[in-house]
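So the protein sequences, as listed, match chains A and B. Each residue of the first sequence is one higher than the one before, starting from 138 at the first, in this note's numbering. Each residue of the second sequence is one higher than the one before, starting from 440 at the first, in this note's numbering.
Please keep in mind that the hints were generated in silico from the structure rather than gathered at the bench. A portion of the hints provided could be inaccurate.
[Said to hold, decoys possible] Using 27 Å as the maximum straight-line C-alpha spacing, the simulated DSSO-like pairs for lysine-lysine come out as follows:
| # | chain 1 | residue 1 | chain 2 | residue 2 |
| --- | --- | --- | --- | --- |
| 1 | B | Lys1248 | A | Lys564 |
| 2 | A | Lys613 | A | Lys547 |
| 3 | A | Lys748 | B | Lys1130 |
| 4 | A | Lys580 | A | Lys675 |
| 5 | B | Lys1236 | B | Lys1212 |
| 6 | B | Lys1071 | B | Lys1122 |
| 7 | B | Lys1079 | A | Lys320 |
| 8 | B | Lys1207 | A | Lys559 |
| 9 | B | Lys1186 | A | Lys559 |
| 10 | B | Lys801 | B | Lys869 |
| 11 | A | Lys753 | B | Lys1212 |
| 12 | A | Lys521 | B | Lys1227 |
| 13 | B | Lys544 | B | Lys596 |
| 14 | A | Lys187 | A | Lys285 |
| 15 | B | Lys1210 | A | Lys559 |
[Stated by the list, open to error] If you want the ones that stay clear, here's a sample from chain B, every Cβ over 10 Å from chain A, calculated:
| # | residue |
| --- | --- |
| 16 | Ser486 |
| 17 | Gln636 |
| 18 | Gln897 |
| 19 | Arg1144 |
Just so you know, these numbers come straight off a predicted model, no measurement behind them. Think of the CB as a built atom: it goes at the ideal place given N, C-alpha and C, for glycine as much as any other residue.
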Amino acid sequence: MENLAESRDRGCHVIGRAWRGMAAHLSSGRVNLTALREAGRRELREFLDKCAGSKAIVWDEYLTGPFGLIAQYSLLKEHEVEKMFTLKAGRLPPADVKNIIFFVRPRLELMDIIAENVLSEDRVRSPLRDFHILFVPRRSLLCEQRLKDQGVLGSFIHREQYSLDLIPFDGDLLSMESESAFKECYLENDQTSLYHAAKGLMTLQALYGTIPQIFGKGDCARHVANMMIRMKREFPGGQNSIFPVFDTLLLLDRNVDLLSPLATQLTYEGLIDEIYGIQNTYVKLPPEKFAPKKQGEGGKDLPTEPKKLQLNSAEELYAEIRDKNFNAVVSVLSKKAKIISAAFEERHHAKTVGEIKQFVSQLPHMQAARSSLANHTSIAELIKDITTSEDFFDNLTVEQEFMSGIDTDKVNNYTEDCIAQKHPLIKILRLVCLQSVCNSGLKQKVLDHYKREILQTYGYEHILTLNNLEKAGLLKLQTSSRNNYPTIRKTMRLWMDDVNEQNPNDISYVYSGYAPLSVRLAQLLARPGWRSIEEVLKMLPGPHFEERQQLPTGLQKKRQQGENRVTLVFFLGGVTYAEIAALRFLSQMEDGGTEYVIATTKLINGTNWIKSLMEKLEPPPF
Amino acid sequence: MGFIAGLGLAEGMALELTGKEERVIALRSLTSPLVCLLCCRKFELYSMAWNLKEDLRDCLVAAAPYGGPIALMKNNFRKEKSPGSRPLLEIYSASGVPLASVLWKSGQVVQLGWTASEDLLCIQEDGTVLIYNLFCEFKRHFSMGNEVLQNHVREAKVFHTEYGTGVAILTGAHRFSLTTNIDDLKLRRMPEVPGLQKLPSCWAVLSQDRVTIILLAVGQDLYLLDNTSCSVVTPPGISPHAGAYVQMAVSFNYCYLALFTDTGSIWMGTSSLKEKLGEFSCDFRTPPRQMVWCTRPRSKQRAVVAAWDRRLLVAGKSKECIQFILDEDSYLVPELDGVRIFSRTTHEFLHEIPEASEEIFKIASMAPGALLLEAQREYEKQSQKADEYLREIKDQNLLAEAVRQCIEAAGYEHEPETQKSLLRAASFGKCFLDKFPPESFVRTCRDLRVLNAIRDYQIGIPLTFAQYKQLTIEVLLDRLVLRRLYPLAIKICEYLRLSEFQGVSRILAHWACYKVQQKDKSDEEVAHAINQKLGDTPGISYSEIAARAYDCGRTELAIKVLEYEPRSGEQVPLLLKMKKSQLALNKAIESGDTDLVYTVVLHLKNELNRGTFFMTLQKQPVALSLYRQFCKHQELETLKDLYNQDDDHQELGNFHVHSSYSSEKRIEGRVAALQNAVDEYYKAKNEFAAKATEDQIKLLRMQRRLQDELDKPYVDYSLHDTVYGLILDGNHKRAEQLYRDFRIPDKRFWWLKIGALAEREDWEEMEKFSKSKKSPVGYLPFVEICMKHHNRHEAKKYAARVTPEQRVKAHILVRELDQAADAAIEHKNENEMNLVLSKCTAATDSSVVEKINRAKAQILKK
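Generate the whole structure from the sequences, applying the supplied hints.
What follows is the structure, encoded as structure tokens:
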């Protein structure tokens, strides 16, 4: 028992550490997302104050990351949160507090754990504690019924919801961090996350004004737009009197563009995510390259814990390089290194007291810049080791062949060899799916061959995973004799041969040649409009549509000359960092005329995306 | 008398009302005229529209405070009961306009009273209290306890405290019982009064420090009854010869108490009986029929009003009193700031003259307000005197005070003309002031407009300014709604610009709730009428209206009204309650709120039999997929049934594969499950999956055999890993067997085998294998794998055998840069040359670098 408590306390420690961080980066963009974060914090404080006295929070572990982006631990402390535990079966660890608050997602399995916690509590002769439950993002009748069935519903004094739908990740980025959204929507026909998305958009509109134009492509997009229109009617109090910040909302189904997440992202941030995985803006890196360089202790005690870094635009250098093609990053870093060392050299020239004083005043900023540079140089080194490997190169070559339409209709040698060498299954699945998508499905013979190879090599249990991929349309049989992909590729200019990685002039730089279809859709919508690509739109799954939301007179925008439009692009089912980079590139284009804010159900990459679709079958233990 | 006539009369009255107003100022002594001790006035509110046949004294009467309605019931106590002649319960507005009446069919009523929310309480002899609304519609009933049944209620009083509306009764057994809140009924039986043999001569309910107590008088003794005890009390300063107490009165705010004795003495003091305020002796010995306090908040002056059959007496601190002659039976209604007095023909209001009014209207007053009023009058006459008066005020620097007085006084006036002239004066005075804040003036104008509207004859709510402020606009609106005066309420909301949410919407919702109870109209008509009027008004809850319709037994109407409800979250629970589950399901799906869908689905599951339930889901794909998710986590067996019903063989196959992992432990069980899967896959015409699963069964069986024979775990390894493991252990024959049985492609088998052999470091076997036939994967993999296991020697062997295209790569791998360079130069391939160059280090490979650079130069030349 003690061990359990101890481990939970340790868990709490980790949470606490993750909860640092400032919010300045949220206000840096065109739309000040601090307001959204503030609204979230206010709601949280109000709830905490409802439970008077000292509190302990029991966390649904999945929520700690997203919550960290809304409020630091200090905010909780100010509101008398004294202890934090992770939700686990059994008995709650002892804590001398008046209130126990469960922060949970509305899931039945979690309700069972909570019930167990509460029921075992009564047997202990500890002082009476008040229980509360905070559902994130929404209260659920289903869950409350389950608590009732377990006979504990009455134990909760406050049962409330915390509508944490869209969490601000950066000045132009919002995510719901709903891991299974894609799987639920496209595989299980469970549109819960879309409901949350629509609610999140309503919250956004309440803060930033009604969005006058809604465009969309895909079934889920249609569904979300319908719900938004419906919810607008449901809102009491009628008209929103806030001047609209967003001009346009573009809703995109992930299954309209299944290709982009499958390809390896080649931007700096994209590669960090591909290789190490970014979670709630944090990345954990192998520690070796981050050993403190102190004289005399050469490599004596290398850190063993992974180095944890927060990545967002609050860091000046990172904001500059995150969206560059990785091949353009190294030169920026070396340029920065020169500038910084030159700046440090300045001290030798500082003669007068005044000059020294000025130098010293800049010192903290320079030191921060230097440590930031050191960190990113280390990360770049780590990544370079991988990108220069032969296997990375071979893999990329095959991907690019597929995307440019070479040999997509037959069994690929490299893929076969990778299977034979039992490379990671997800890598194989990404390649096979990529080929399938670039060929509008595979011929029966080719498909069956791949499937057989996979089952024989990785185990027959993966038959269900393959089935899931087929259901999601990632892997499919070519039904019609026509392959639509080349038409789409040509019309939308998805493959650009003359890509400039250093000074890009087109979004295709993010994949070194491939221009993400999703972002092309956004780009073409802004100029010249979707009418120009009607034919291609029909080839892509789901309906495309346009809706207008009436604004009260007086709120209609009169655009200043040269003022950019603001478009919110919502990716239903996930978005990659490369796609985000491409949209940011479009925002920064001088004659672009549109700035983008990005929202998504989840920040994804090919690996975690495929993983979310895999069926985890474990052989029974003997 | 009809409405029109009534109205005409009211207007006619209005003209002469000021004339009828009686203003009485009693002065103690003419020598000190400034000490005014008792100033009160009485004016007519209405001339009653009712056409009462009986005298008030023959009726049970109850009038609600705050200008509330009047209930009458012909007192069936006194007269002989004749069968067939049941008493009539009638309810009138304060102006005597009949609101409703009903023939009383229940038991003997002892007392009538109004609750704070204007419901009528009819307290019966048997202790039952029946609650009716303003329109004589029965709402509910409760009982004051069982012991009352035998002893009967002899007397009862309805009282209001911070807890709500209370009822106190006195039984035939001389015991008191009370409840402080009829909406949260807790009966309290008060302790016995020792030696009480007859009914007390008078009693009253007091509320002190949130405790409700009863004060009763028996002859010359006063008793206080609280929850636990009974104590004798004596009012301070009462003369010993005062006599027996025959009447008592508690003030509106429970602060003051008045006692009337059979010697004609009135004792006035605080209700805590700690302080005496005054004593007054009158000529009457008979107990007054009614005695009430006439007070005003924040005023020091207090007076007691006592009424006999033909006489009204107002007594204060002074020795003098005011007397009025009553022409008819009158009934007194104590109010917050005065007393209403109504009789068969008139309804009057008696109150202390407010200071501001007194200052202005006092004869020959020189108060700034009075002067301002005069100034304005002169101004209208275009007389220069206006300037004189104005100057007089301004000289004293009292203009602001004058304006303030006029505004305040206007609020106290009942008569619109007087209000107007005072406001005109204020407005006039304001012109000469620089910075007089306009709010009070504007607010008073607005409030008066509202008050005049509701005081109108047809509405009949004679609220004073002070009462209105105390009541608040929200409560007033509620009262209008209770009287079903929806249009007026809406007009007021619009006039006062109340937010739609708390104003118009709320009233429309009430109207609609009333509308659904109109049984003479068809469902369509009512639903349509409601939607016509309400439209999309924000804040309207159609579901609440529907709930009301459902409560009235009009399910169909409820459904129709619910159609207009935009919030599905509100529609669904009611539809479920009405057992319209299918419709609820539709609505839940429409909303997109999956939690709501789940709720309905699980509701349906309990409500319907399994077959119908499945059929219902069949029609709703969204609900079906959600239920499948639910089953996947909660009821696996049901999931199978669902697939079965759909003939979804693919999913059934998957289901069996799943269960071969999750629920089966023994190999036989797993094989059986997989065999089921095979059958289903065949039915689904998914040949690939069927064959693959057959292979899996084959593999599983083989693995078990291997496990038994070789005593090593093999089960649940993939085919690849199984073969690999066999080779690793040197079981080449068995490996070959699997390779053939499962038709592993050559290429993959070769990759696999050389990998395993290298791990086993069986270089001999590898070489043998490489020579067994021409390698389908070429020889570069051999080089790579040998190097991976750090065997350069072996690697070199294979480097020599690779195809020319791979030669450069192979040589680089085995770190023979010189040969790599040769091969590259031979190929004349610049890329290959660069690749070699990139592997060169200046220190050791300078000759190679030189060689390549030479070759490159040569190529360039060409």
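Would you pick out the hints that fail for this structure and give their numbers low to high?
11
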